[in-house]
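Can you build the whole structure from these sequences, using the hints too?
Residues per chain, in single letters:
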Amino acid sequence: MTPACEGFCRAIEVAPETARLADIRRFVEEVAAEVALDRERVFDLKVAVSEACANVVEHAGCETVPLQVRALVDAERLTFTVSDGGVFRPPNPCKQVAGNRGLGLPLMVALMDEVSFVRSPEGGTCVNLSVLLPTR
Amino acid sequence: MCLVCTHGGEKNQVARESDNDSGPMEVQTGSLRNAPLLETQGDIDHGTCSGLDTALRDSLAGGCRIILLDLTQVSYIDSGGLSVVFSALRDIPSDGWLGLIGPNSDVRRLFELVGLFADPNVRVFDDRQAAEIALDEETEAL
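Each protein sequence line maps, in turn, to chains H and F.
The first sequence begins at 324 in my numbering and counts up by one.
The second sequence begins at 5 in my numbering and counts up by one.
Treat the hints as calculated values from the structure; they're not laboratory data.
Worth double-checking, as some hints may not be accurate.
[Unchecked claim] Simulated restraints on C-beta separations: (1) 62(F) / 332(H): 42 to 52 angstroms; (2) 137(F) / 332(H): 44 to 54 angstroms; (3) 140(F) / 331(H): 47 to 57 angstroms; (4) 121(F) / 332(H): 35 to 45 angstroms; (5) 332(H) / 79(F): 46 to 56 angstroms; (6) 140(F) / 359(H): 15 to 25 angstroms; (7) 141(F) / 387(H): 50 to 60 angstroms; (8) 113(F) / 455(H): 10 to 20 angstroms; (9) 332(H) / 34(F): 19 to 29 angstroms; (10) 352(H) / 62(F): 31 to 41 angstroms; (11) 382(H) / 131(F): 52 to 62 angstroms.
The structure presented is a predicted model; accordingly, all values stated were derived computationally and were not measured.
Just so you know, even glycine gets a beta-carbon here, dropped at the ideal spot from N, CA and C.
Right, here's the structure in full:
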C-alpha cells in the first residue's frame, strides 16, 4: 500500500434502482484503480459491492432514500460500505432451493476478506465489504 | 430501463435490455448445427438478466435438448445472471446440456465458485469451434 492511500475516502450516491448497479461497479473500478488493486480483486469487489447494492434495491424497502456507497482505506484494507435506510434481509432458504436465488450473500462472503453487517439504532443497515491491500 | 425486441437479419433475433447510462445488455439468438446459440454482450446483472432469461425460456420452449450460450463478450455476471443460468439448467432434458462458450477468467471463476461446473449437464468450450466439434460428435453418436 502506498502512503497516499492512507485516509483515502470516496463516495457515490445513486437512486436505489438495479439500473444504477453498473454506475456503482464503475465507481468500484475507479476506486480500485486509485489504490492499484489487481484485476481479480477488482472483479471480486465489483461482484460483492454490486450484490450488496442489489440486496438493498430488492429488499430494503427504501425506494425514496438514495443508495450510498463509501470507499475507505484504513489499516491496510480497502472497505466499501453500502448504506441504506431499510433492513438487510438474509436470503430465504426455502426460496433458494427452488430458484437458486440468494446467491448474493454467499458470493459476498466467498469473495471478500471480511464482511460485516451493522444495524443502526436509528434504522437502516450498513454492509462493510473489505479486502486486504497488498503490502508493497 | 426498457426492453426492446427487434429482428436483425433473417435468422437472428436481438433482445436488448438497456438502462439509462450503462449501455445495453444484448442477447442475439442464432443457431449452431441446429442448436440454439444465444450470444450475449454486456454485463449480466440483476437489472439486465431478464433479457437472457427470456431468450433461454424461448429456446427451451422450442423443445431443444442442447442450448449454447456464447459469453465471449460478457465481462461481468452476478447472482441475478447465475440464477437465470441455474434456472435454465433445471429445465434442460436430462440427456441434454447447456454449452457455455468462451467465459472470461473472472466469469469462469464465479461459475466454479457456485458449483456450476459440477453439474453434469454443463459443458464449457473455449470457443465456437470447440462447441461445433462437440455437436458433431453428438450427432455421430446418435
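Do the hints match the structure? See the list:
no.	hint	in the structure
1	62(F) / 332(H): 42 to 52 angstroms	holds (47 angstroms)
2	137(F) / 332(H): 44 to 54 angstroms	holds (52 angstroms)
3	140(F) / 331(H): 47 to 57 angstroms	holds (54 angstroms)
4	121(F) / 332(H): 35 to 45 angstroms	holds (39 angstroms)
5	332(H) / 79(F): 46 to 56 angstroms	violated (27 angstroms)
6	140(F) / 359(H): 15 to 25 angstroms	violated (46 angstroms)
7	141(F) / 387(H): 50 to 60 angstroms	holds (56 angstroms)
8	113(F) / 455(H): 10 to 20 angstroms	holds (19 angstroms)
9	332(H) / 34(F): 19 to 29 angstroms	violated (47 angstroms)
10	352(H) / 62(F): 31 to 41 angstroms	holds (33 angstroms)
11	382(H) / 131(F): 52 to 62 angstroms	violated (39 angstroms)
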